[in-house]
Amino acid sequence: MKVCVGQVTLPGDEFDMSPLESNKKIVVGPGLAEFEGMIKIIKPGILRYREPATYWIDSHQKRYVANKGDLVVGIVTQKVGDIFRVDIGSSEQASLSYLSFEGATKRNRPDVKIGDIVYANVLVANKDMEAELVCIDSDGHSNGLGVIRSGGFLFQSSLHLVRKLLNPNCVLQKTLGKTFEFETAIGMNGRIWVRAQSDIQTITMANAILASEHMNNVQIETMCKKLCKVASKMD
Amino acid sequence: MRETPLSNCEREFILKCIAQHKRLDGRSAYDYRDIRIAFGVSLGCCHVELGKTRVLAQVSCEVGQPKQTRPHDGVLFVNVEMSPMACPSFEAGRQSEEGVELSRLMERCLKESRCMDLESLCIVAGEKAWHIRVDIHVLNHEGNILDCASIAAISALAHFRRPDVTVQGEEIRIHSMEDRTPVPLSIHHFPLLVSFTFFSQGKHMLVDPSEKEEKVMEGKMVIGMNKHREICTLQVTGQMLLLKEQVLRCSNIAVTKVTVITELIFQALENDKQARLKGEKHGFAELVSGEKITSNKQPVTDVPVSQAMEESEEDGSSSMDSDSEESESFTQHASEERKVEILAKGVGMIGDGGPSKWIDLTCDDDHAESKKSTKFKPELIELDGESSEEECQVVLDAS
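As they're listed, the protein sequences go chains A and B.
In this text, residue positions in the first sequence follow UniProt numbering: the first is 1, and each later residue adds one.
In this text, residue positions in the second sequence follow UniProt numbering: the first is 1, and each later residue adds one.
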């Protein structure tokens with residue numbers, strides 16, 4: 001079956017190229033792959049399009065696949081010589097060099113313990129290679145990346161929800177921000193770290209974020225209003 | 001595949017919350033998650049959901065030789081399968097330490113409690129007897145597999161019917177299902193396992209731990225009990241010391257939990273029986289709602305503020321999930337505190353709102369009775385654990 005933008009797709013469906021101009025270049029994103037001159041769908045989901053010519057399949061997924069440039073939240077699981085092994089939720093663990101922290105030198109090692117959570121940038125992500133993370137930008141500044149060690153709570157959500165939260169049109173964080181003061185680190189790997197002023201607020205926020213997965217903006221606003229009313233009574 | 005590690009941040013936060021008598025999913029310390037019991041079309045097939053934990057139990061039977069040491073008894077065999085589907089850290093084929101402990105406890109719960117009359121399974125003494133096999137499949141692991149598996153196993157055994165047998169002289173005849181009505185197994189009592197987890201040297205205790213709470217816990221106590229308040233199994237694991245009072249307190253809590261759950265199983269069995277008699281739809285097909293694309297939808301997530309919520313003008317629930325009909329009907333129920341209401345046959349809801357009396361043993365029976373109400377949806381039984389536990393104490397008196 002040929003599918004167009006916005007339709008629900010299944011693996012094996014064929015991407016309809018007929019409306020495109022014959023020599024126009026398109027970018028084939030996740031969920032689409034080329035087979036014998038045709039573009040086939042390899043994931044169940046919805047076909048999306050973005051200007052100028054990017055197509056991808058938007059689907060519900062929990063397993064993260066490392067992608068260059070993504071900001072992820074990882075858990076340090078091991079120290080091996082000069083590198084830390086970090087679980088980022090993908091099939092293999094990623095590596096993080098001790099030198100890729102702000103201000104770290106051979107003599108001045110960063111203070112990272114096993115079980116710590118790090119907010120990091122994916123530097124290398126190849127098909128057959130271990131992913132590599134860094135906690136600095138190209139100028140050597142941390143820019144908010146690094147070890148998160150100030151309380152708060154970490155929880156796992158679907159990748160779809162994370163993309164939704166990071167969408168500038170999503171009102172969830174703005175609405176919650178009207179009542180709660182909070183700090184958050186949202187990783188593209190589905191891990192979200194939140195810290196609000198009290199533990200109750202942190203739990204409330206975590207629940208609010210997880211509940212918003214299948215809501216639209218209006219519903220999110222109503223939910224947040226109710227929640228804030230309840231939470232303010234608790235404190 | 002390796003398990004997702006638990007970060008220090010999660011560990012500290014969970015322990016801190018427990019110390020403040022709070023749980024991440026909004027339950028109070030002695031609350032169970034929602035229990036749903038459903039039976040398959042075939043007899044002896046039971047699917048139990050405890051929150052998001054899912055277990056499927058299937059009972060089957062065959063004729064074989066009885067054990068030489070017990071020539072007059074049938075054989076009960078319990079098998080627990082933990083597939084990687086339930087949790088990536090489970091390995092296919094090989095049983096982990098956790099798996100061994102689980103199957104051993106299940107065996108102790110079902111076999112050594114002598115809940116089933118094995119003598120009635122004998123056909124010809126020393127030669128032929130029924131072998132009953134219970135296969136327990138863990139479908140999803142979100143904590144507390146043990147309680148869920150014990151509910152599934154005993155419900156499946158109670159649901160199962162074996163073919164009728166007649167013995168005439170030397171001739172043994174096994175009647176087919178059409179020929180003669182199959183006979184149920186004779187079950188004397190329903191032993192159920194209740195797990196208690198302990199934190200900070202046994203100072204704090206939780207019932208029905210979630211997966212993360214299980215990772216943080218210091219020790220665990222499992223009590224197997226039936227509704228006649230007889231303890232069938234008791235096991236303590238982990239490195240901690242328990243006081244006598246704590247064990248007693250746990251067993252008192254187990255009494256109430258077991259009463260409620262047994263009631264729930266009976267109700268589910270009765271519903272299934274009625275549906276079969278009337279020729280209505282039954283089996284798992286009824287369990288799956290036809291929501292199609294929205295089947296990934298999150299269920300109502302309650303913030304741990306059940307008490308404050310009832311005071312708020314919005315009728316007593318966080319109503320996070322505004323679009324589902326089910327949650328709306330749930331909201332209505334929550335406001336009508338402890339009112340017995342029967343909307344239609346099908347779902348029973350127990351423990352909806354109101355002060356909890358878990359520890360108070362004197363009001364066991366009316367507690368279980370009064371907190372019942374029925375909801376629309378065939379063959380689903382739900383135990384709602386969201387009672388606002390006013391009198392509930394989380395801290396055990398360590399002194």
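Careful: at least some of the hints might be erroneous.
[To be verified] No more than 16 Å apart at the CA atoms, straight line, and that leaves these computed lysine to aspartate or glutamate pairs for EDC-like: (1) 111(B) / 135(B); (2) 113(A) / 12(B); (3) 16(B) / 58(A).
These are computed hints drawn from the structure, not numbers from a lab.
Evaluated hints:
{"no.": "1", "hint": "111(B) / 135(B)", "in the structure": "holds (14 Å)"}
{"no.": "2", "hint": "113(A) / 12(B)", "in the structure": "holds (14 Å)"}
{"no.": "3", "hint": "16(B) / 58(A)", "in the structure": "violated (38 Å)"}
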